[in-house]
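Peer 1: What follows is each chain in one-letter form.
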Amino acid sequence: MGKKIGVFVCHCGTNISATVDVEKVAEETKKNNPGVSYTTTYKYMCSDPGQKLLRDKIKEEGLTGVVIAACSPKMHEHTFRNAAIKSGLNPYHVEISNIREQCSWVHPDKPVGTEKSTDLVRMMTEKVRKDKSLKPIKVHVTKRALIIGGGIAGIQAALDIADGGHEVIMVEREASIGGHMAQLSETFPTLDCSQCIMTPKMVEAAQHDNITMHTWSEIESITGYLGNFDVKIRKKARSVDLDLCTGCSSCWQVCPCKKIKSEFDMGLANRTAIYIPFPQAIPSKPVIDRENCILFKDARKKNIKPNDSKVCRKCIDACPIAPVKAIDYNQEDEIIDVKVGAIIVATGFRELEDGLYGEYGGGKYEDVITGMQFERLASASGPTDGKIKRPSDGKEPEIVVFIQCVGSRDPSKGCSYCSKTCCMYTAKHTMLYKHKVHHGHAFVFYIDIRCAGKGYEEFSQRAIEEEGATYLRGRVSRVYKKGDKLIVLGADTLTGSVVEIEADMVVLASAMKAQDDAEQFAQKLSIQYDKDKFFSEMHPKLKPVESSSAGIFLAGTCQGPKDIPETVAQAGAAASKVLALLSSDELEREPVVARVDRQLPPVFSTCIGCFYCQKVCPYSAIESEDIKARDGSVIKTVARVNEGLCQGCGLCAATCRSKSIELDGFNDEQIYAEINAVEFN
Amino acid sequence: MAEETKFEPKIVAFLCNWCTYAGADLAGTGRNQYQANVRVIKLPCTGGIDPLFLIKAFERGADGILVSGCHPGDCHYNSGNYHARRRWNVFRPLLEFCGINPERIQFSWISAAEGGKWVETINGVVDTVRALGPFEGYQKINTIGPDASSESSQT
Amino acid sequence: MIEALRKKAEELLRSNTVDVIYGYGEGSTPERTRPVFITKPEDVNKLIWNKYCVYNLTTYLKRQESRKLGKPAIVVKGCDAKTIVVLIKESQIKREDVYILGVTCNGVGEPLATKCKACDVNTPRIYDDLIGEKIENKEIPFDERYAELDEYEKLSEKEKWDFWQKQFAKCIKCYACSSICPLCFCDRCIVDKNQPQWIDPSAHPRGNLSWNVTRAYHLAGRCINCEECQRVCPADIPLNLLNKKLAKETEKNFNYRSGYNIDDELAMATYKEDDNQDFIK
Chain A
1 MGKKIGVFVC HCGTNISATV DVEKVAEETK KNNPGVSYTT TYKYMCSDPG
51 QKLLRDKIKE EGLTGVVIAA CSPKMHEHTF RNAAIKSGLN PYHVEISNIR
101 EQCSWVHPDK PVGTEKSTDL VRMMTEKVRK DKSLKPIKVH VTKRALIIGG
151 GIAGIQAALD IADGGHEVIM VEREASIGGH MAQLSETFPT LDCSQCIMTP
201 KMVEAAQHDN ITMHTWSEIE SITGYLGNFD VKIRKKARSV DLDLCTGCSS
251 CWQVCPCKKI KSEFDMGLAN RTAIYIPFPQ AIPSKPVIDR ENCILFKDAR
301 KKNIKPNDSK VCRKCIDACP IAPVKAIDYN QEDEIIDVKV GAIIVATGFR
351 ELEDGLYGEY GGGKYEDVIT GMQFERLASA SGPTDGKIKR PSDGKEPEIV
401 VFIQCVGSRD PSKGCSYCSK TCCMYTAKHT MLYKHKVHHG HAFVFYIDIR
451 CAGKGYEEFS QRAIEEEGAT YLRGRVSRVY KKGDKLIVLG ADTLTGSVVE
501 IEADMVVLAS AMKAQDDAEQ FAQKLSIQYD KDKFFSEMHP KLKPVESSSA
551 GIFLAGTCQG PKDIPETVAQ AGAAASKVLA LLSSDELERE PVVARVDRQL
601 PPVFSTCIGC FYCQKVCPYS AIESEDIKAR DGSVIKTVAR VNEGLCQGCG
651 LCAATCRSKS IELDGFNDEQ IYAEINAVEF N
Chain B
682 MAEETKFEPK IVAFLCNWCT YAGADLAGTG RNQYQANVRV IKLPCTGGID
732 PLFLIKAFER GADGILVSGC HPGDCHYNSG NYHARRRWNV FRPLLEFCGI
782 NPERIQFSWI SAAEGGKWVE TINGVVDTVR ALGPFEGYQK INTIGPDASS
832 ESSQT
Chain C
837 MIEALRKKAE ELLRSNTVDV IYGYGEGSTP ERTRPVFITK PEDVNKLIWN
887 KYCVYNLTTY LKRQESRKLG KPAIVVKGCD AKTIVVLIKE SQIKREDVYI
937 LGVTCNGVGE PLATKCKACD VNTPRIYDDL IGEKIENKEI PFDERYAELD
987 EYEKLSEKEK WDFWQKQFAK CIKCYACSSI CPLCFCDRCI VDKNQPQWID
1037 PSAHPRGNLS WNVTRAYHLA GRCINCEECQ RVCPADIPLN LLNKKLAKET
1087 EKNFNYRSGY NIDDELAMAT YKEDDNQDFI K
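The listed protein sequences derive, respectively, from chains A, B and C. Start counting the first sequence at 1; every next residue gets the next number (the working numbering). Start counting the second sequence at 682; every next residue gets the next number (the working numbering). Start counting the third sequence at 837; every next residue gets the next number (the working numbering).
No lab work stands behind these hints, which were simulated from the structure alone. Accuracy of the hints is not assured; some may be wrong.
[What the hints assert, rightly or not] The following label-pair restraints were derived from C-beta to C-beta distances:
| hint | chain 1 | residue 1 | chain 2 | residue 2 | range |
| --- | --- | --- | --- | --- | --- |
| 1 | C | 1108 | A | 358 | 29 to 39 Å |
| 2 | A | 531 | C | 838 | 31 to 41 Å |
| 3 | A | 47 | C | 989 | 58 to 68 Å |
[Unchecked claim] Chain A regions said to be covered by chain B (calculated; three or more residues, Cβ under 8 Å):
| hint | region |
| --- | --- |
| 4 | 104-112 |
| 5 | 119-132 |
| 6 | 645-659 |
Owing to the predicted nature of the structure, the values given are computational and were not obtained by experimental measurement. Ideal Cβ placement from N, Cα and C applies to all residues, glycine included.
Could you put the whole structure together from the sequences, leaning on the hints where they help?
Peer 2: Here is the structure:
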């Protein structure tokens, strides 16, 4: 039994009718297409009366399929499909023939436009004939969010979601939340102290009823899909019971291993083996560094349980908690399972390794330091209590050379991109330096000064004009040691001269890089990453916080270099997306998903289980399914599409040699009908 | 006006929804005129275009085909266009080996922002195929009966 | 060699390592061989091995009739062994479910089969047991391996079209090519799908072109060059030229050779960001 198809040709004022004879299109369509039982034209189909016309005619004429010949489907496909629903017609029997953008607006010759429009309408009519009713896919939503990363991005997003009334699970792989922002001294362009604005947020997050925090923990695996993710979290053995420990500091005060480079202080200070990363850490409870603790070293050597080692038990002896001590040498990793509806990835960045720039003495000379190291030097809570002292001899440096674009914009070192923050933080560094060393002189080598942002340009100008930093446009070719000075050889391209500066300290504005394990992590989440291993947003302009996988959002520098305000804004945006998602019990998705055919026995499915579809699917949406006989034996293993994960690209369908998998909304018969209707005269 | 005898090539274009289809829309919004020889078939992604679609289009009388989608790295589905590119890397030489002029099947990356490139590309395809002339070989095998098949080798 | 083969086969059957041996047996004349399926140890003397063992027994791995006989040991030449690699990669068989009796081979056919002319798998690259003296596999340059294509690639567009139209005109759509092909294992071939009917099933030039092009394309990145399709074609269509052309493009563009390395990702199920795109505008 054929469909009763109605064709509505829109004039779009004169946008269409000026160059397409809409009456003729309607007439020809009716005449030449059996099954088209009703055609009409209308001034504005998208207007209220236009939509009413559609609704009425579907009912009056008993239409079971509709073609609207009008503007691009991107404009009003949704409008007309919704109108159809109101008349009781499944919306997937409505198709748009694009005779405005792709015809009337681009072909001024009326007979030509009319002929093409007629063709386009016929093609859609044929497609509609094969359209099937589709039901929106409903997905249950677990009202809980996972935030991966406890830096400023993660904390901001967590707070926003938690304040919105939803549970948040936060996972941070370090022993404390805080991330890079906790390490910074002062922040541009206001020069307010980073910790003063960061620490209260950390405390707020930690104390929030809706936030559960897992520090010293990593994501083991993530499966599932939008609204229903199953997450395994590995809580790494901390060797300290967080419930028992009060953070009294007795243990780390007695620890004999005092020569371990502090990661938080960027190696400029030492820490103990049982330690908290920094005084304001949250949780303010220690962790044992098992690599460096002599007890664990001994246990590894002797292949005994750590608690059986007798080498050093100073921390556990010093622990005042009784009867059970808060320290547990034998603690093991624990895997916990959580279900969440949405995920925000806020895993941050790492600084370019300084050893990569041998020509600048990076990693070779103690007094050649990175931007992050300078932050620690300038920080009031840093190893020098905020006094600028050079690492080698503690002397106050009188001449400091700042080199910008170290790594950034340098494809030969593997980063072709701009790290975006360095121009600003270098300007800030020169100011902090001048504020602390009044007689000192700061030189900056730069390629371009890129300070786009509110108050940014003024800030960098202040560094130059008011704070007296000397900016030299050019690159540094070499830094070498001469006595206790560092000779910086560079070019000043504005004067065309070679510059040689005897510096006391050199600060490299090192690039922001993606985390070392970003690639593996992205694969764990099935999200895309770019050539630099930063995670890719769904659309560079219109979907900047969505990852390529539905329900997974991005915040902060894991997506690309950015500064704090931008990070916070993105985190807020991601949080609002999550809040919108968690606000409903069920989600409705476009039912454009792939489907593997099922047949009667003995075939069951024409799928032969070669799993090419599984290999090409960008969303890991193809599973394997055993078709079993009554006795439980496997008759056949075939592919099955997980509707929740499928995004409807059709890659599987085009890869399948036997065409056993098809895409709803664009199935084989529909496409065939469309191509078949390309009846050129 | 065109004379009766003037050959107007028939082009079928398979476009992805997110980039090239939107690019063609943009050309419309900008009122950028181009030759009307093209009939567009929209699919979600170039990755969803089976070579059978192209064969079918030739069977339906197309003189030329354009397949166009998102630039590498821009695919809405992450990797659909990469897989499509692999496919065309083998399918195109196969057709060429069988004596089908590769200019009759063209490929392009046109983004949603490249209305101008859409106009250039489609005009380019139409002009190239117009110069090649009607795809007589295929039209012949479309129309002749089974027992007349041996004739095709004599032309 | 034959003795070693028979001895091994007997051992495998007696120890119940396998249920059946797929091997070559004597045909009606000395120049002909035929497949034998040995299930009893006492029958192993039916197994032979000689230069007339041209065909690829792995096609029986896809057939229900032979599958019913249980776990097989299969006699394969180096070229045939590549099929098993593909079958494993494409989830059609598990490695542990087939016992590979690799035979070393200096070429088959009288005159020598085309596929043997640039052979670089005299010793199979995958086997459980190797029968015969190991032959050092040669490295053969790319051009030499695809030399057979040269004279056809040189033809003009029209000559190519005419050549293939003439060839395809002979096609009677008997599907011997896909029946024999060990890698054409679909339950329902695309040509048998009738809703919609993408490929015209009648022996009409239009359907003949789409069938032959599609058959070859479906083997892109998969065909291991056993030439069985061409051997069985009753119309003598040089089908393997199409397969070989695709193998050449696959190797040239993706540096991939089907059946050579079990760890390689299937060429048509993966991609590289820097894949060739010089033909894309």
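Peer 1: Taking 29 to 39 Å as the stated bounds, is the beta-carbon spacing between residue 1108(C) and residue 358(A) within them?
Peer 2: holds (32 Å)
Peer 1: Please verify the coverage claim for the region 645-659 of chain A: does it have three or more residues whose C-beta sits within 8 Å of some C-beta in chain B?
Peer 2: holds (count 9)
Peer 1: When you take the CB atoms of residue 47(A) and residue 989(C), is the distance between them in 58 to 68 Å?
Peer 2: holds (60 Å)
Peer 1: Counting residues of the region 104-112 of chain A with a beta carbon closer than 8 Å to any beta carbon of chain B, are there 3 or more?
Peer 2: With 6 residues closer than 8 Å to chain B, the region 104-112 of chain A meets the three-residue bar; holds.
Peer 1: Count the residues of the region 119-132 of chain A whose CB lies closer than 8 Å to any CB of chain B, then report whether that count reaches three.
Peer 2: holds (count 3)
Peer 1: Does the beta carbon distance between residue 531(A) and residue 838(C) stay inside 31 to 41 Å, or does it fall outside?
Peer 2: Check failed, 57 Å falls outside 31 to 41 Å.
In this structure, the one hint that does not hold is number 2.
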